[in-house]
Amino acid sequence: MTDLSESRTDRVAPDAAAVRDHVQLTGEGVTVAETAEGVMVAETDDGAAAAETDEFGTRQRVRRPAVASLLAVLRWAWYSLTSMRTALILLFLLALAAIPGSILPQRGGANPAAVTAFFSRHPTLAPILDHLGVFNVYGSAWFAAVYLLLFISLAGCVVPRAFRHAAMLRIPPPPTPRHLHRLPAYRRWETTLPARDAIRAAQQVLARRRFRIRVDDRTPAVSAERGQLRETGNLVFHIALLVVLLGIAVTSGFGFTGTVILKEHDTFADTQIAYDSFSAGRMVNVGALPPFTFTLDAFRASFVESGPTRGAAADYRATVTWQPRPGAPMRTSEISVNHPLTVDGVNVYLTGHGYAPHFRIRDGSGRVFDETVPFLPRDGVFTSQGVVKLPDAKPQQLGISGFFLPTAAADPVTGQPISIFPAPDNPVVVLGVFGGNLGLDSGVPQSVYTLDTTKMHLLGKGILRPGQTLTLPDGQGSVTFVGFSDFAAFQLTRDPGKPIVLVAISLAIAGLLVSLGIRRWRVWVRAAENEAGRTVVEVGGLPRTDASGGFTEAFARLAEELRRRTDAADAATDGESDGVMRIGAGSRRDDGVS
Amino acid sequence: MSVDPGLASLSNQLVAAALVGYSLAFVGYAVRAAFGVRVPEAGQPTPVPDAGQPARRAVALASVGAAAVGAAAVGAAAVGAASGDGTAGIGDTAAGSPPRGGLPAGLSEDRPAGGTEDRSDRVRRFGVRAGRLAVVLTILAWLIHAGALVTRGLSVHRLPWGNMYEFTLALTWAAVGAFLLVLARYRQQALGLLGVFVMIPVLLALGLAITVLYVAAAPLVPALHSYWLAIHVTAAIIATGVFTVATAATVMFLVADHYASAERQGRPVRLAALARLMPNAAVLDRLAYRAYALAFPIWTFAVVAGAIWAEYAWGHYWQWDPKETWAFITWVVYAGYLHARATAGWRGRKAAYVALFGFATVLFNFFVVNIFISGMHSYAGV
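Chains as they are written, first to last, in this note's numbering: chain X, 5 to 598; chain G, 1278 to 1659.
The set of hints was computed from the structure by calculation and includes no laboratory data.
The beta carbon of each residue, even a glycine, is placed where N, CA and C say it ideally should be.
Among these hints, one or two may not hold up.
Claimed, not checked - Quick list of the computed label-pair ranges, beta carbon to beta carbon:
no., chain 1, residue 1, chain 2, residue 2, range
1, G, 1633, X, 75, 40 to 48 Å
2, G, 1398, X, 223, 47 to 55 Å
3, G, 1633, X, 389, 46 to 54 Å
4, X, 152, G, 1645, 27 to 35 Å
5, X, 338, G, 1645, 38 to 46 Å
6, X, 185, G, 1481, 43 to 51 Å
7, X, 554, G, 1398, 27 to 35 Å
8, X, 473, G, 1283, 50 to 58 Å
Stated by the list, open to error - From the structure, some residues in chain G lie toward chain X, with a derived Cβ separation under 10 Å:
no., residue
9, 1588
10, 1589
11, 1590
12, 1595
13, 1620
14, 1622
All chains should be modelled from the sequences, with the hints used to inform the complete structure.
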């Protein structure tokens, strides 16, 4: 059997049919021409704006208008903003804008104190940088400007494209171009099968491969297209990103977050004043937070007792009694690290814990203060540091600065008491008691966890076990370490945009997989009788997206199957193929490497 | 749960063995690239391609090729000196260059020339054998590498990606796996040169892992105890591995494209022999694109899984922690690459530079952010 196969591959260039589609879709008054890069240049009749668009009508780069009317300029601005090139530049700007926030300390970040530290290290530079907003990059106006412009550009590109795609889905594949051999991939062969039967066979092959088909009975020919889902996935991905931004906007407008430390038996009522730190979106009415309350009944932490991970937290959980609103029935729940409590749309996370030593302090005048103060853990063995301030003590203000050691032991080298295990197996406090002026009236806000001893003097120091008392000299009073209780740190967050973000991001990933995984192409098959009375079958292929590759191979496989199916002898036996045709890299071949 | 010291030290030995295997494979690929292509006789015209057949590639001078591949191929250079007796001039080979534009998929072929067997054919066969051996060595070393990961994991009773050392072991394994996948998928001998470009970063990373980043096997800090570790970090490892191979292909594309454009414009090029070793630029570009298109959704998933884990562990799904920020920057840059490929005036070299910049952000995130910038990921440890 003679094989007249002829194969050809070219650089991807739009064919007449593609250009024609484009004209149909772009509408009247627009002429389209192709450039060397396979991009179409659309020129409006009035010469107001000229833009290069891809096959989906997305502008790639826009030329300045020749006519300088306001409308033309506005149109040019909008076209420029929604063009691919602008989107690219905005993407790079976004990447660039995100960098300073990863290098400089951030106010909203995990360690806001680092900003203060940076200010004291660089007293002249820091205020200048602060003006530029680099200590709050992700909340700054210029960062917002970049991503908002990007998203406007995205919306301006994607929304019209979605309508165009919806229209495309309803129209059948374009008719067969006259010069099939001008397409990027082409093959022809002869068969004894009548032309109509050949086309019917081709139609079956294409239908089985899930092409959308348009049959032209006159020629006869068949047009086929597949992979529209690629553009669908692409649009889903981009629209989902817009929805992600919407979800973030909802959270930043209607969400709030705050932290609170509760000792056992403390009660928290959800008002702004009850938080240790609190930040809320603009749309939140901080006077009307959800009116729930909860009480920390008990806190339990357990630690790994032996082995190399000794001292690591095995588990910690808080038992709370809560009430969604005053007068509602009380309920009891457990909160642990990965299991927040949800009340009224607010998630209550357990984020940390520690010990709050209980002191009974007698001042010089004989007045007794009972103070249970959270000491913040400094390390993995819960060496905890804290401060007690007694501004009302007489005759002078008293301050205690100390460490709580849950399991104390003597340091083998220095002999100093240190903590060796986070559980309270041998609790000890190491104290220094100061008298004088706490400096609270200076007007400068003070941390409740540090003691300013510049105007104070040391009255006494000591190491106490529960029940032991440190007596201060000269009748200035005494400090008794009564015992301790646990405290738990909670973070309360209302994040109304979170479900939106989660759903949208899942859709985005699904869309991405579809859009990057599916090939979009068109195939035309035409059959005609030649002078010798034999049927000449021609098949041409056109990739319709930026070639992710494999088009040539896929076309070769399809053309080969079409050839076999339209070959009378082979169609009868469905026999083997001589498979001599090869196109480019599609030819799989054993070689030295494999 | 305690550490099994026996398994841990077995793991270390397996890593060393894998490193030796990869090094030998690297030399093999270099030899393959240098000698495994046919050297035309001086003055002899290149065979005209048959109709419907891809053009055969004209091929470089063996000795120059060996020099170009560099000092790494020391063994190769020795053989090259023995055989490279100046059979053809460099200018000569340029005349027999393949039609790069017309056949985007045309990779170099190497069939023996017409029946006569001469010295260059023997050299070529030697090169081909070296290439085959390199693939076998790569597969063996990769299996040993897998063994190293498994024993490391068993010795600490968890997935072995809790610190930078383990992460490096895992991602080099993923990179070699991705490379083997490319070989299996394409079965193109010219991609042997890709082996050189993949093995360089793999060997560097592994060398760094066992010298600088090494930490003894130890259990994980409890904060990392979560099945999200498996999901989030595994995705990040696979994506990084695939990005590595894609980057190797992109670098090769830039070299090949440089030569191709010089050739089109008739400019003289330095190291013309290296140009002959390069697979077709379009093929490399497409291979790279496929790899990026595969890795990008995986990277997206890794970032999203990280956000979900952060939501569980920290109460915020996104806090602009430095590591998160750089993962985001990487994502944005690769998104830029994918768009650049679809944008007029950005295809080809410019898009390739964007992709290289993307990998630079990956490296920055891994080395600079992990080591020098503290954040909530810091306890992942060096």
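Exercise. Taking 10 Å as the limit, does the beta-carbon of residue 1595 of chain G come near enough to a beta-carbon in chain X?
Worked result: Holds, about 8 Å.
Problem set entry | Hint check, residue 1590 of chain G versus chain X [nearest Cβ-Cβ separation less than 10 Å] | holds, 7 Å
Exercise. Would you say the C-beta atoms of residue 338 of chain X and residue 1645 of chain G sit inside 38 to 46 Å of each other?
Worked result: holds, 41 Å
Exercise. Measuring from the C-beta of residue 1588 of chain G to each C-beta in chain X, is the shortest one below 10 Å?
Worked result: holds, 8 Å
Exercise. If you check the beta carbons of residue 185 of chain X and residue 1481 of chain G, does the distance land in 43 to 51 Å?
Worked result: holds, 50 Å
For this session: With respect to the beta-carbon atoms only, verify the hint that residue 1633 of chain G and residue 75 of chain X lie 40 to 48 Å apart.
Result: holds, 42 Å
Problem set entry | Interface hint for residue 1622 of chain G, Cβ within 10 Å of any Cβ on chain X | With a minimum Cβ separation of about 6 Å from chain X (threshold 10 Å), the hint on residue 1622 of chain G holds.
For this session: May I ask you to test the interface hint for residue 1620 of chain G with respect to chain X, counting a Cβ-Cβ separation under 10 Å as satisfied?
Result: holds, 4 Å
For this session: For residue 152 of chain X and residue 1645 of chain G, compare the CB-CB distance with the range 27 to 35 Å and indicate the outcome.
Result: holds, 29 Å
Exercise. Do the Cβ positions of residue 1398 of chain G and residue 223 of chain X conform to the proposed distance bound of 47 to 55 Å?
Worked result: Hint holds: Cβ distance 52 Å, inside 47 to 55 Å.
For this session: Could you tell me whether the CB distance from residue 1633 of chain G to residue 389 of chain X stays inside 46 to 54 Å?
Result: holds, 48 Å
Exercise. Should the hint that residue 554 of chain X and residue 1398 of chain G are 27 to 35 Å apart at their CB atoms be regarded as holding?
Worked result: holds, 34 Å
The structure agrees with every numbered hint stated previously.
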